[in-house]
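> Here's the letter readout for the chains.
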Amino acid sequence: MSVFSFKRSIGGLLLVLPLVLFLGLVFFAPLAGMLGLSILDKELREVLPRTVATLEHWDGGGTPPDSAYEAVVRDLFDARQTKTAGMAARRVGYHDNGLRSVITGTARALPKNISGVADWKETLVAADQSWASSGIWQAIYRSSGPVSDFFLLSAIDLRRDATGAMHRANNEGLYVNVLLRTFVIALTVTLICLLLALPTAELLASAGATASSLLMLVLLLPLWTSVLVRSAAWLVILQTNGVVNQALMKLQLIAEPLALVYNRTGVLIALTHILLPYAVLPLYGVMKSLPKNQMLAASSLGAGPVEAFFRIYLPQIAPGVSAAGLLVFILALGYYITPLLLGGAGDQLLPFYIAYNTTQSINWGLASALGSILLVATVLLYFAYVRLVGVERIGLG
Amino acid sequence: MVSAGRKWKLASRMIAILVFVFLIGPIFAIIPLSFNGGSILAYPLDGLSLKWYAKVLDTPRWWTAISNSVLVGTATVALATPLGTLAALGLSRSNFIGKALLTALLMSPMIVPTIITAVGIYFYFAPLGLANTLTGLVLAHTALAVPFVLVTVSAALSKFDRTLLRAGASLGAAPLSTFRRVTMPIIMPGIASGAIFAFTTSFDEVVVAIMLTGPAQRTLPRELLSGTRENLDPTVMAVATVLIAVSAVLLLLLTLIQHKARKLTQKQR
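Protein chains in written order, with the numbering used here: chain A, 1 to 397; chain B, 398 to 666.
Keep in mind the hints are simulated off the structure, nothing from the lab.
Where a beta carbon is used, it is the ideal one built from N, C-alpha and C, also for glycine.
Please note that the accuracy of each hint is not assured.
[What the hints assert, rightly or not] Covered by chain A, per the in silico footprint, the following chain B stretches (three or more residues, Cβ under 8 Å):
#1 480-490
#2 532-541
#3 628-636
#4 639-653
[Stated by the list, open to error] Facing chain A, a subset of chain B residues (Cβ under 8 Å, in silico):
#5 Ser-409
#6 Phe-417
#7 Phe-419
#8 Tyr-440
#9 Gly-444
#10 Ile-508
#11 Ile-512
#12 Tyr-521
[Stated by the list, open to error] As a list, the in silico DSS-like pairs of lysine-lysine whose alpha-carbon atoms are at most 25 Å apart:
#13 B:Lys-657 - B:Lys-556
#14 A:Lys-7 - B:Lys-556
#15 B:Lys-657 - A:Lys-7
The following block holds chain A by itself, in its conformation from the complex (with noise of 0.2 Å):
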């Protein structure tokens, strides 16, 4: 403690204080800006101002004030001059997608002079039906926002109905399936990976000094050639006329080449592959540190191998295993290039739906619900981790 003086740490921290400032700026207020898009619902608010100020004091039954009309004729008047009619057809269609087509038809029917008009509710009725009636009323009174559950409920399948109560949403179960097929692919790949290190670090551990270091390379080696290109090899292997099915079919095992790609399967392959090399190292710190000769004590003293397996050398390694497979764990939440080259369309993992709807379907709403669920679910396990293993050995060395 005597090193650690005020002073001393004062300037210590003046010295941290620039790599603060930068991952504030550049990843935790990035980061804290996608939790808030999460809850944020401000895009039918900033194309139909008067209308969502008019209906703040509507109950949500019936039909809506007089003076919503006029609004509602206002700002989709303005909303074709300035062509944001788009924006706010998309909010209201999430609602209920067969009200998209009420905004964009009406900002097309309104007439092009609106100065003179008298009954602002029989102008928009003119322009199409349905302002008669109170859905479409609904979907906006529902969509205005300014914040919202509506994103972080669509990413569980869920939404509210006029009265304000939770429903299924009607696109069969889609992101729960979604999530759940995340957590047991993740699982999975774990399992597998911890299954296949234990032996592994187990060689890693024991090998002679030279073995041993000619060993760390080759797993090294993998854990430093990028993701992209291990995906690339495995789908190029596996592959109908792949190395794989013709060394299969060559060996006569197999008469008709396997699917092993765009399906669960070359997910599993290649995820284990990638992640392996993180199980085995933390095993590996494990083994190093155990005295050699325990397992010869036990056994002189009269334990088999499999009761000195579970009795001596499991409860010692026990820690590094848990380590390991949280590790692989948290890791496996987030690839998003493996399943996207190695899977098929029921394959992709919550990843995928993330980039999915901020680049194609451009929900970034959406995007941002799914990124809170699964930031929040990695922050968890993280911190869990660090409690594990220490923060001092976060690093993978």
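For this one, chain A is given, so just place chain B on it according to the hints.
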């Protein structure tokens, strides 16, 4: 009982050896395919040829990607190395409540799934005009790379004998000169290792690159991904082989540095 033990051991060894084959096999299996005389990605090879490498070098798209990757990687090293080194020095000389939490937070870019970092930064950079710029990509890669520098320099500092600092001071050296002449040489291998980690992180990174690059900023992994998905041919294998070679050289360099560093600390004691 002894023979049962033997069998266990033998089975365990067999599995371990198969695992090592499984780990290294795919990497070595695709390298020869890049030298294939024919255009099919399977064995036997249709003669040996360097034509796919020539094709890569003849394609401007690949050249842009190579130069972008080298540029972004170098800039990432230039930013991440000093940031990470200063922070490691700072953390090693201070002690305060919450230090473990701060360290865990500074390391977290290593653990948070890259897709989340990528999407978060994309949402954040797009309104600032930093999406589809190399600057944006460098900033994002630096955030991903900096924990590795922090880890390697911290590891070097933890092995470092603090009495040397006091010895320096008692011999009349000013703090800065103690730092330059005692601390620096000892942690230099840690800094160099961190720089190598930082370069690899950027050079191999593809998920952030998907989100933050347009056609003009595409990096080597980004082009490789397009190639793999759209037109998987031996040129893609040639680029993959080059990336494997770069990784192998950097890993070798890292091993050499750490080997030397171990010798240095042994001499010290």
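> Any hints this thing doesn't respect? Which numbers, in order?
Of the numbered hints given earlier, those the structure breaks are 9, 15, listed in rising order.
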